[in-house]
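Asks: Spelled out from the first residue to the last, the chains are:
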Amino acid sequence: MKGWNGRLLRVDLTKGKISVQEYSEDFAKRFVGGRGFALKLLWDELKPGIDPLSPENMLIFAAGPLSGFVLPNSGKIVVASKSPLTGGYGDGNLGTQASPNLRKSGLDAVVVTGKAKKPSYLLVEDDKVEIMAAKDLWGLDAFRAEAKLKGVHGQASGALLIGPSGENLARIATVVSQEGRAGGRPGIGAVMGSKNLKALVVHGTKELKAHDPERLKKIGQEGFQSILKKDNYKFWKRQGTMATVEWCQAHGTLPTHNFREGVFDKASDIDGNTMETMVTKQRGCPNCNMTCGNVIGDTEGMGSELDYENVVMLGSNIGIGDLRQVGTLNRMCDELGLDTIGAGNCIGFAMEAAEKKLFDIEIDWGDFDGAKKLLTDMAYMRGPGATFGLGTKKAAEKMGKGAGDFAINVKGLECSAYDCHLCPGMALSFGTSPIGAHHKDAWVISWEISTGKRAEYNPEKADKVIEFQRIRGGMFESLVTCRFPWIELGFELDHYPEYFEAATGVKYSLDEFWTLGDRIYALIRAFWVREFGGKWSRQMDYPPKRWFDEPLKEGFIKGQHLDRKKYDGLLQTYYNKRGWDDRGIPTRATMEHLGLKKEADQLAKYIKLN
Amino acid sequence: MKVTVRVFGELVQIIGNRHVQELSEGATIITLTGKLAERAGLKRYGYLGSYKVGGGDLAILVNGRNIELLDGVKTTLQDGDEVVFLIPTSGG
Numbered sequence: 001m002k003g004w005n006g007r008l009l010r011v012d013l014t015k016g017k018i019s020v021q022e023y024s025e026d027f028a029k030r031f032v033g034g035r036g037f038a039l040k041l042l043w044d045e046l047k048p049g050i051d052p053l054s055p056e057n058m059l060i061f062a063a064g065p066l067s068g069f070v071l072p073n074s075g076k077i078v079v080a081s082k083s084p085l086t087g088g089y090g091d092g093n094l095g096t097q098a099s100p101n102l103r104k105s106g107l108d109a110v111v112v113t114g115k116a117k118k119p120s121y122l123l124v125e126d127d128k129v130e131i132m133a134a135k136d137l138w139g140l141d142a143f144r145a146e147a148k149l150k151g152v153h154g155q156a157s158g159a160l161l162i163g164p165s166g167e168n169l170a171r172i173a174t175v176v177s178q179e180g181r182a183g184g185r186p187g188i189g190a191v192m193g194s195k196n197l198k199a200l201v202v203h204g205t206k207e208l209k210a211h212d213p214e215r216l217k218k219i220g221q222e223g224f225q226s227i228l229k230k231d232n233y234k235f236w237k238r239q240g241t242m243a244t245v246e247w248c249q250a251h252g253t254l255p256t257h258n259f260r261e262g263v264f265d266k267a268s269d270i271d272g273n274t275m276e277t278m279v280t281k282q283r284g285c286p287n288c289n290m291t292c293g294n295v296i297g298d299t300e301g302m303g304s305e306l307d308y309e310n311v312v313m314l315g316s317n318i319g320i321g322d323l324r325q326v327g328t329l330n331r332m333c334d335e336l337g338l339d340t341i342g343a344g345n346c347i348g349f350a351m352e353a354a355e356k357k358l359f360d361i362e363i364d365w366g367d368f369d370g371a372k373k374l375l376t377d378m379a380y381m382r383g384p385g386a387t388f389g390l391g392t393k394k395a396a397e398k399m400g401k402g403a404g405d406f407a408i409n410v411k412g413l414e415c416s417a418y419d420c421h422l423c424p425g426m427a428l429s430f431g432t433s434p435i436g437a438h439h440k441d442a443w444v445i446s447w448e449i450s451t452g453k454r455a456e457y458n459p460e461k462a463d464k465v466i467e468f469q470r471i472r473g474g475m476f477e478s479l480v481t482c483r484f485p486w487i488e489l490g491f492e493l494d495h496y497p498e499y500f501e502a503a504t505g506v507k508y509s510l511d512e513f514w515t516l517g518d519r520i521y522a523l524i525r526a527f528w529v530r531e532f533g534g535k536w537s538r539q540m541d542y543p544p545k546r547w548f549d550e551p552l553k554e555g556f557i558k559g560q561h562l563d564r565k566k567y568d569g570l571l572q573t574y575y576n577k578r579g580w581d582d583r584g585i586p587t588r589a590t591m592e593h594l595g596l597k598k599e600a601d602q603l604a605k606y607i608k609l610n
Numbered sequence: 611m612k613v614t615v616r617v618f619g620e621l622v623q624i625i626g627n628r629h630v631q632e633l634s635e636g637a638t639i640i641t642l643t644g645k646l647a648e649r650a651g652l653k654r655y656g657y658l659g660s661y662k663v664g665g666g667d668l669a670i671l672v673n674g675r676n677i678e679l680l681d682g683v684k685t686t687l688q689d690g691d692e693v694v695f696l697i698p699t700s701g702g
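Chains A and B, in that order, are what the protein sequence lines are.
Sequential numbering from 1 applies to the first sequence in the numbering used here.
Sequential numbering from 611 applies to the second sequence in the numbering used here.
Hints may be right or wrong, so weigh each one.
The calculated label-pair distances, taken between Cβ atoms and stated as ranges, are [as the list claims (entries may be wrong)]:
id, chain 1, residue 1, chain 2, residue 2, range
1, B, I640, A, M302, 47 to 55 angstroms
2, B, K645, A, S537, 52 to 60 angstroms
3, A, K453, B, Q623, 25 to 33 angstroms
Hint data in this document are derived by calculation from the structure and do not stem from the laboratory.
Even for Gly, the Cβ is constructed at its ideal location relative to N, Cα and C.
Let's have the full structure, built from the sequences with the hints guiding it.
Replies: Written out as structure tokens, the structure is:
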């Protein structure tokens, strides 16, 4: 095989056993890399029903067949596991030097099982792999721990690590890298902490072999040049994703006060225009010329890397209208290794619980000091943080008294920053996202609003959600390339099969990548169903109750809310188009058509397949 | 009468970020966009840059209300109105 290294590193932390496994060409071609690899390994090897924070859980770091080559926006890695936040399939991706380094060590993925007796980190230097003591790293925040590791292992190495929140098993803990890159929203950082694993440090120096290296180099360079020439590039460089604050405010979709409203009276104080007056530098992932991270000075004089999601969730959603204060909360999340989206949701949920007198905590909308304290408490799972750090779903269950009515999540994963009181297509995207509510797969809201038919529940919306899930959730998550060149600048999709062929020698059309996406979606759904068994229902694909039952009270779309019956109809349309039954479970015929016969037979042991 | 105009995204480069536009009484959105296009030296009728006025890719808000909920491009403007032009966003 070319392009792929064909090797997985396996580490059993309980036994201290390290081995390298070669994988088959069939596995590579059917699942490509990244999410595809992680999913298939979890499906094949994870015992259903295990506690996600037990040694039995698997923690997977997976690069893709384009990682490590000099290609546009290819410097990311997927982290995956059974989620301690949702109980289902969980993954995320983040930009990191660990990705090219892993591939240049001759590996494509690392599979970690077991639990180390003492805090440890895993060191990979080409063929040398060691489990190292992390005694003097445990307890350090992610920035300081990374600086220390790089001091020892060199600046050219890459590190993926957890902060205190992962160590303390906060269910909204992420895996972080490079002071601001984070991934694994469904609590993948807590899985890492449960294994006593502080970090994965990788330094690779081998040459990565491509099928056609000359061509790959040429088309890669052309790709970078093409991105620079895109019409919207200049504006993107100015504001990056932060332009969306103003756009969402104008369309009434800016999450405000725990998703009660879609407009915020201080939106202009936290938007991209305000940010432009404060930016000190820009940061990006390896192999990227779009540098979406805009750094500003926060209230404590530290640098904080902003983007739309974290600014809104830690800003308008909790009533904070001061961008430097938002910056502080954001930087604290990155240091502590907390998911900014989850944290903003949990704080908003706590503020509303306090307002409704359902929980004994003093915190009010816009309370910056209270938010800082709660963030820290969640990271250390102490005091009120021990409840809110479980995520909104479990915190609401613990609280009772109807608190679930204002817990903004799908399947336990908190919603990212788009209010959907009047966006049924985006609500469907959140509902059917394979990890719980997240925008990374089907970010259809801009399209939905631009059609001028945002209030409709028409079948085109189900088509668009599936189209985006195939492109982003299938192709990009498996090649492990960033979606931004395409979605933000219109960088053409046709580049990706070309890159894939030059790297691996395998010729896939875009349609074949869509089939890959469908295969991945069917198998992720099978994973959820295998875990939930008889408790699985189509209601798990519903967006938060608030969007149905509590109309907006402010803004130009006040009075609007989702219609449950119409949403259910749209969901059924989605199932029909996917070849899934009324329960939202892929039929046997669908699975077999996607090359998942063996997996269908396995799933049939847990639930009757139609 | 005078209306305040704000634009968004790459339209900023084409017609400028924020200005006050003088209009005659009874002017509509289409009158306003015609003036803006003329001022920016754009020649294609009914368009701002590559965006069709009244098309799906260009959202137009008058005092925060989308013109789809008003009279579309025939929405009549009043003195002191704020008109915002938005293209599909980045961010996801």
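Asks: A separate judgement is required for each hint: does it hold in the structure or not?
Replies: Hint check:
1. At roughly 50 angstroms, the beta-carbon separation of B:I640 and A:M302 lies within the given 47 to 55 angstroms, and the hint holds.
2. Between B:K645 and A:S537 the C-beta distance comes to about 56 angstroms, which sits within the given range of 52 to 60 angstroms.
3. A C-beta distance of roughly 29 angstroms is found between A:K453 and B:Q623, which places it inside the suggested range of 25 to 33 angstroms.
The structure agrees with every numbered hint stated previously.
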